[in-house]
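Visitor: Position 167, counted from 1, in the sequence shown is what the numbering used here calls 167; the numbers after and before it change by one each time, with no gaps.
It is possible that part of the hints are untrue.
Said to hold, decoys possible - What follows is a list of derived Cβ distance ranges for each label pair: (1) Met142 / Pro162: 30 to 38 Å; (2) Ala153 / Pro55: 42 to 50 Å; (3) Val156 / Arg67: 38 to 46 Å; (4) Asp170 / Ile41: 27 to 35 Å; (5) Pro96 / His174: 29 to 37 Å; (6) Ala91 / Ala125: 20 to 28 Å; (7) His174 / Phe133: 35 to 43 Å; (8) Ser39 / Arg195: 41 to 49 Å.
Derived from the structure by calculation, the hints contain no laboratory data.
Ideal placement from N, C-alpha and C gives every residue a C-beta, glycine not left out.
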Amino acid sequence: MLRTPAFAAATLAALLFSVAFAAMLLTSVLWCQQVWGYSAIRTGLAIAPGPLVVPVLAVTSGPMVRRLGAGRTAALGCLLFAVGLGWWAVALDTAPHYAAGLLPGMLITGIGVGFALPTLVGAAAAALPPTRFATGSAVTTMARQTGSVLGVALMVTLLATPDGPAGALDAFRHGWWAAAAIAVLAAAAALALPRPGAAGRA
1 MLRTPAFAAA
11 TLAALLFSVA
21 FAAMLLTSVL
31 WCQQVWGYSA
41 IRTGLAIAPG
51 PLVVPVLAVT
61 SGPMVRRLGA
71 GRTAALGCLL
81 FAVGLGWWAV
91 ALDTAPHYAA
101 GLLPGMLITG
111 IGVGFALPTL
121 VGAAAAALPP
131 TRFATGSAVT
141 TMARQTGSVL
151 GVALMVTLLA
161 TPDGPAGALD
171 AFRHGWWAAA
181 AIAVLAAAAA
191 LALPRPGAAG
201 RA
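Based on the sequences and whatever the hints tell you, model everything.
Guide: This is the structure:
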């Protein structure tokens with residue numbers, strides 16, 4: 001199954017993207033609660049705009065996939081996701097500035113997820129014959145779950161126990177840049193997916 005190039009590329013990209021996604025989700029919650037002192041409810045409301053963008057993009061990204069192909073669409077999503085993380089690394093400070101700091105990055109990462117994740121899952125499924133769809137879906141799901149575990153483990157290691165607000169800021173920035181780099185790797189893996197018409201010529 002992994003010998004199918006399109007399936008292998010989509011699954012690898014999904015694994016890498018899941019590492020970055022889990023890192024983003026964990027750090028956004030920890031940042032709001034531990035650095036800015038938000039309550040659990042306020043934290044949930046603060047991170048809600050990003051997930052709310054995802055279903056809209058997932059539904060409307062079909063024309064882009066048909067025009068650019070799954071690989072380029074997913075790569076664009078991964079790169080946007082990396083930009084959102086980079087925004088946090090540059091713009092966020094220990095003083096709470098939600099509208100100018102956290103919110104733009106949350107929206108950009110949400111757009112990235114909407115383009116990347118559904119496209120990668122769909123590309124992995126489309127690369128296999130119907131008789132192997134169930135097993136292929138299980139492999140893709142396992143890859144995403146493995147990526148999530150790795151993302152959490154990476155962030156726990158990088159954040160550690162920072163010493164004071166300045167130490168926390170440095171630790172989170174290191175985590176965001178690391179997650180952004182992994183999202184860029186996911187984009188590179190996504191670009192290995194066949195372009196429109198390539199599968200038919202092969």
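Visitor: Now tell me, hint by hint, if it's right for this structure.
Guide: Cross-check of the supplied hints:
Range check, Met142 to Pro162: about 33 Å between beta-carbon atoms, so the 30 to 38 Å window is met. Against the hinted window of 42 to 50 Å, the Cβ-Cβ separation of Ala153 and Pro55 comes to about 28 Å, which falls outside the hint. Range check, Val156 to Arg67: about 40 Å between beta-carbon atoms, so the 38 to 46 Å window is met. Look at Asp170 against Ile41: about 28 Å separates their beta carbons, and that is inside 27 to 35 Å.
In this structure the hint that Pro96 and His174 lie 29 to 37 Å apart at CB is violated, the actual value being about 21 Å. Distance hint check: the CB atoms of Ala91 and Ala125 are about 37 Å apart, inconsistent with the given range 20 to 28 Å. For His174 paired with Phe133, a C-beta distance near 40 Å keeps the hint of 35 to 43 Å intact. For Ser39 and Arg195, the Cβ-Cβ distance of about 48 Å falls inside the hinted range of 41 to 49 Å, so the restraint holds.
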